[in-house]
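Going by this note's numbering, the sequence shown opens with residue 1, and the numbers climb by one from there.
Simulated from the structure, these hints should not be mistaken for laboratory data.
Some hints could be false.
To be verified - In silico EDC-like cross-links for lysine to aspartate or glutamate, where the CA-CA straight-line distance does not exceed 20 Å: (1) 452 - 354; (2) 69 - 191; (3) 319 - 304.
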Amino acid sequence: MPHRRMLRRAPVLLLAVVTSVVALVATTLGTPATAATNSSQAGVTHAKKADQHWSRAQRAKHALARATKALAPDTPASERPDATLALRNLFLLKDALSPADRAAADRLAQRPNKPAVVGDANILVHYDPAELNPAAYSVNQALSSLEYVADSYANAGYRRPKPDGTKGGDGRIDIYLDSLEPGLYGYCTTDQRKLSKPGHFDVWAYCVLDNDYAGFPAHTPLQNLQVTAAHEYYHATQFAYDIADDGWFLESTATWAEDELFPDVNDNVQYLRDSPITRPNRPMDKFGGVFHYGVWNFFRYLTEHYPAKTGPLPGLLLKMWQYADSSKGPKKDLYSTQAINKALKKADHTSLAEQFANYSAATRATHATFAEGAALNYPSKPLAGAVSLPSHKHKSFKAKLDHLTSSTFQFVPGGGTSKLKVKVKMASKQRGSRAVYVIYGPGGMVQTKAIKVNGHGVGHKKIVFDGSVTAVEVTLVNASTRYKDCYRRPNSPYSCQGAPVDDNLKAIVQAKAV
């Protein structure tokens, strides 16, 4: 919300904007000069490969221009970059700016000046009574919503945002209600001068929220305030662990959090139009456009399957952020996919690869596999191919899979059959290859199971294919999370700013009706 997130823009604008924003959303986070090589700094995409050769000073200059655009009054709402991440990137690069540009960066991070305050033991809300619209929400409603958000995260085990000394008046986190530009719901940033230690990216934060949410066509002003507060305050919480983690991880988990705290608003459902559900051939960890907001759905899948709570919230995401904690130093600081994988291993001896494979098959039937899927009319994953197979007929489908992508193929009984003999030929399991089949009957999903892929990437399965079956679907998955050159490709849109090792892998499914 551009933030907050990229743009918490109106749903009616989303589809028209997606294409144009992909090229604009590029951020140029570079490795801070003090960073250790395994600290979890996030990078996001840029349109030109040549930008990989930009100097750090050039990247800093670009980050300044992008942050300026994110907050500028004359930036069209449909072109406004994600203010939270634009300012985050500028913070991590500003030491490479000239003195004049550094002064400009400091001005962008300057807090709004508001004459009145109200707060509790942890939060201080700054506002101007003359700017508030009582028909939108009151300052007491704002404080109450923020108290609920802050206490929910704290009671769920998250550390509270770091104190900022006397900035804003005292050490409490400061939330400013201000008149924001069109397309901007809110943002969080830091005005900490520097990192506490090299390789430690835990910093304090302050947040700015719109003071009336006028002109937003979806939801009431109070509802927009609530979900923006949940999203942005989650960023402030993340910053107490690692402001420099991967952008897709920061944004998708914050979008997940808003629906956990305010489940009746459902603002994040708009992002499923451009998500791993609807674009299964795009790597899930590729930052850019609005896609990374739609990745919240993967975390919803995980927490519906691993719902154990720490306080009021599922504890799985907390564990991920604890493993991504940079305050303990670079040696214990995991980047996004590492932290997710470790949390899943601790939760149930499973892995990111296995759960991504299951998720990739489950998104074909979102109305059945998600608790709110039918009620909110989640979209469904498109098929990559389909065929009707009478007895003794066979069919092969081919795919090329990048990391964290999948393709699903459907086989429908054509009469006179009892079994479907399936063979998959893929890259080795070590390179991320997984396969899952789903049997559908008249009432929907009947059975879901993995097809075991051996060390050579080959798997076999005989599946029921008679009158009780309406279709069998086989999902071929590349669940690789292997990267090279981590933190050495500052404009990489992927995890750890690295280059995926296992992209463009061939995968084949062969099926014969017998």
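Against the structure, the hints:
no. : hint      : verdict
1   : 452 - 354 : holds, 11 Å
2   : 69 - 191  : holds, 19 Å
3   : 319 - 304 : holds, 16 Å
In this structure, none of the earlier numbered hints is contradicted; all agree with it.
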